[in-house]
Amino acid sequence: MKRVKVLVVGAGVVGLSTAVCVAETLPYCSVTVIAEKFSPDTTGDGAAGILLPKEFPDIPLERQKRWFKESFDHLLAIADSPQASDAGVYLSSGYQIFKDIPSDKKPFWSDFVFGFRYMTDREMKRFPNHKFGQAFTTIKCECLNYLPWLEKRFRAVGGQIIHEKDEEVYPIRGQILKVSAPWLKNFIRDGDGNTYIYPGIRYVSIGGTRQAEDWRLEVDKEDSEGILERCCRLEPSLRGAQVMCEWVGLRPGRANPRVEHEYLHLQGRQVPLVHNYGHGGCGVTLSWGTALDALDLLRQSLFEKPPQARL
Amino acid sequence: MRVCIIGAGVIGLSTAQSIYQHFHSRISPLTIEVYADVFTPLTTSDGAAGLWQPYLYDKGNVQETKWNKETFDYLLSCLSSPDSVKMGIFLQSGYSLCSETAPDPSYKDAVLGFRQLTKRELDMFPGYSFGWFNTALMIEGKTYLPWLMDWLKQRNVKFHQRKIGSFKELADSGADVIINCSGVRSGDLQPDPELQPARGQIIKVDAPWIKHWITTHNISSKGNSAYIIPGSRLVTVGGVFQVGNWNLQNSSVDHKNIWEAACKLEPSLQHARIVEDWTGLRPARSKVRLERETIRSGPTSFEVIHNYGHGGFGLTIHRGCAEEAARLFGQILEQKVLLAHSKSRL
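Residue numbers (full-length UniProt numbering), protein chains in the order written: chain Z, 1 to 311; chain S, 1 to 346.
Just chain S, same shape as in the assembly:
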């Protein structure tokens, strides 16, 4: 059984991990390969601040809320392991600010110590009259992805730096199952009008006295709302959310707007040293595409599992989706009667 994963961001790597964990002892041989044109530290996952926080409301996508929670619980359990620092995960508390009273967010039960902000706390943030405080997890892509790659390499997963032109290309080379984790550029492999880039730009700053994340939510601004998220070394300041914008260059206009909004939110930033800007394209979609597809190619057919479209919550949802992708992979194996055979050998 040869599995080829396209994409080496957090989605591709974690999917490889889940498939290995569930099936390496049940299928032999199981070859897992990852194909990507960019690897850490150049993927979209690497630039993200790494705060576990879904969008406020799931709009009925209860599956996504479930996958988010699964990811949180999984990362929380990793905290006590000796690997936690090497994985780049740690707890951090912070403020979610709203310009008006809002219903509780979908993730309120997943995080720790969720509560409303008191009036005294809100006084620190002029312009925001409502909000919440909770302790969440951080997963820093620049640390987590190398840790995942090491984990996979130790288990003989092979990596190939190559841009894949089509699913057929991999199928022709002998792939039994293809897992599409190509993020914002999935449209190159199979057109998807629901998938669009949502451009984000961030400023990385040296401000180690800031120990809380601050995210703001303005209903009218459509995601273009300031956030300040301290990491283990630098603080990430954002945010813009420009749907349809493919430009990977940093914009000085965006920089100015982001910086002004952030300094209003956190006056102490004014004396912070700016290190660099970075731009990334969130793979935005109405909902995550996580499903199987059988593609006919002449007389044969091959299986594709799609796992893309995680918008600005890829790190937040990655484990839940990886486990679901592994479950779909299991379905494929059962249909090919492979799994049943290996079960009967026991």
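Chain Z on its own, in the form it takes in the complex:
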């Protein structure tokens, strides 16, 4: 008999991951996901889904490492299983290149991806405008496949879904082009985050833009031209690639992701509220790790005495 009702707001990659974590782990919870947008209309659906974190300023490093490692390990197990093609999860190798040598040449996540190393001189020859590069193998998780796959898992343990409008954060607008270039197998990302080429299952995602407080969901032709120009310079063979379509997504921007709990005083009761939002461009990358964290926070709030009851 399910005693505790849990409502998860949002059905993007973080919402569904959190919902699955709770529903699969806490048998006494009945979980409902409520959202306005579902796959294929969530932000994650347009994202390339390459697992690559950034370092947030105010969250302890150990916690960030845990978020990434748990997401990586969870997806690796899927990539290494017969489910990989259904879930849209697979290994992806490539390069992150920098025009100027970065202060942090070996970021915190270098131990969790595979085979992290600096690029050799011969490898850097392809990129005459860049001085330094990192090579590694990480995971790519395509939400167009992954979200329906998560939803199936969620429903299999009794999860419920409601379609309704949800809350918003400040956007960081990103535009990408989907091109047909099936001969491209390795990703290339400029360390400044503005130019990247991510080969996917049926198309290559090239981008990008980072426009804070920009709510425009329409395609910007100048952005497309800029993206094509920068990406063709890194990968000349893209000049022969056919553009399939353009897409715009609004990253849920925040200085740090908000993963914490509080209590809402509603109708005389203290209702636990767990926040798990604001992942910016790291939604897919941190989805499972933050979902596990949110699960822990939920467990804590269900079993600790809420503030008012102590009086």
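It should be emphasised that the hints constitute simulated quantities derived from the structure, not laboratory data.
Hints should not be assumed to be uniformly reliable.
To be verified - Derived pair list, reagent style DSBU-like, types lysine-lysine, alpha-carbon separation capped at 35 Å:
(1) Lys69(Z) with Lys119(S)
(2) Lys65(Z) with Lys99(Z)
(3) Lys54(Z) with Lys108(S)
(4) Lys119(S) with Lys125(Z)
(5) Lys108(S) with Lys106(Z)
(6) Lys287(S) with Lys86(S)
(7) Lys106(Z) with Lys125(Z)
(8) Lys59(S) with Lys125(Z)
(9) Lys108(S) with Lys336(S)
(10) Lys106(Z) with Lys69(S)
(11) Lys163(S) with Lys153(S)
(12) Lys204(S) with Lys152(Z)
(13) Lys54(Z) with Lys65(Z)
(14) Lys336(S) with Lys163(S)
(15) Lys108(S) with Lys131(Z)
(16) Lys69(Z) with Lys264(S)
(17) Lys178(Z) with Lys264(S)
For clarity, every value in this text was computed on a predicted model and none was experimentally measured.
Following the hints, complete the assembly by docking chain S onto the known chain Z.
Positioned in the frame of chain Z, the structure of chain S alone reads:
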């Protein structure tokens, strides 16, 4: 000067290209003709996955290691040209897995970013305790060969679909130099006990989420070792290496063994759509035969340059061998005092 090349696989076509490149402006007239009974997409080169990867160890054949590296460097330089997609060449990274610790392969300095696999990576491949990761080049025969043929046709190289019965047949028709690139069937033109077919069968599969090649190396299996090599459209799954087997029919027993081994290596293949099987005969030999031979025919003699026996590494080594064949051709010209004459005209 009339040059007749027998064979239109990657070796025949690239040899024609190298000879044209080095000599078309120095010898006039220079007629280059290619004779073959099969052309792309029906040659052995067309069925190969197209991964640039020599056998692990060259067993002292340092020439071959040099030719392999030359080919890699040449293809790498073509990557930045606007023709790279039309040539069918691109970079791809991948895993070389061994059942036990092994010395570094002969090609470790030729490829990009060569390194050993970490334990975490090896955990993904049960049964393999050691291996390497590197970025290599792909050259897809089905794209590269048509590109080569176009390149040659634009430069007036003539193609004839015909099975050549003997070198003499071409010599009698007026060939000055014959270049033998007839691959696994060279024995029909001149017996060669060192040349044998090494039959390979592959399965082509639609699995576009796989972005790395995986090759395995079992010392005891003598080349019958699984590999998974994604191409630009389909993934090629193999491999068998059956020496002495001339059978060009697909075998359902081989199919089953190849598929089981590959699915163990890459579980995600289980849900992949199988498109077709294909069988090819690698022209296996103890080492590549790349040398001149003067054949007497009554009162006259004619020159043959042999360029065959490239086993399972024809695409890998083709350019280095083509350039060497062109060098041997240059020697022939000097001996016929033709080259010296054209030099003195300058």
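Quickly compare the C-alpha distance for Lys69(Z) and Lys264(S) to 35 Å and report which way the hint goes. With a Cα-Cα distance of about 26 Å, the restraint between Lys69(Z) and Lys264(S) holds, given a limit of 35 Å.
Sort out whether Lys119(S) lies within 35 Å of Lys69(Z), counting only the CA atoms. 17 Å, holds
Given the hint that Lys108(S) pairs with Lys131(Z), test it: the Cα-Cα distance must not exceed 35 Å. 24 Å, holds
Pairwise hint evaluation, Lys125(Z) against Lys119(S), where the allowed Cα distance is 35 Å at most: 30 Å, holds
Compare the distance between the alpha carbons of Lys336(S) and Lys163(S) with 35 Å, and conclude whether the hinted pair is satisfied. 29 Å, holds
Please work out if Lys287(S) and Lys86(S) have their alpha carbons no farther apart than 35 Å. 31 Å, holds
Does the alpha-carbon distance linking Lys163(S) and Lys153(S) stay inside the 35 Å limit? 20 Å, holds
Proposed proximity, Lys152(Z) with Lys204(S) (alpha carbon, max 35 Å): At roughly 30 Å apart (the allowed maximum being 35 Å), Lys152(Z) and Lys204(S) satisfy the hint.
Hinted pair Lys106(Z) and Lys69(S), Cα distance within 35 Å: 32 Å, holds
What's the verdict on Lys54(Z) and Lys65(Z), does the C-alpha distance respect the 35 Å limit or exceed it? 11 Å, holds
Is Lys65(Z) close enough to Lys99(Z), meaning Cα to Cα at most 35 Å? Holds: Lys65(Z) and Lys99(Z) sit about 26 Å apart, inside 35 Å.
Below or equal to 35 Å on CA atoms is what counts here, so check Lys59(S) against Lys125(Z). Given that 35 Å is the threshold and the Cα spacing comes to 32 Å, the pair holds.
This entry does not satisfy hint 9, going by the numbered hints stated previously; all others are met.
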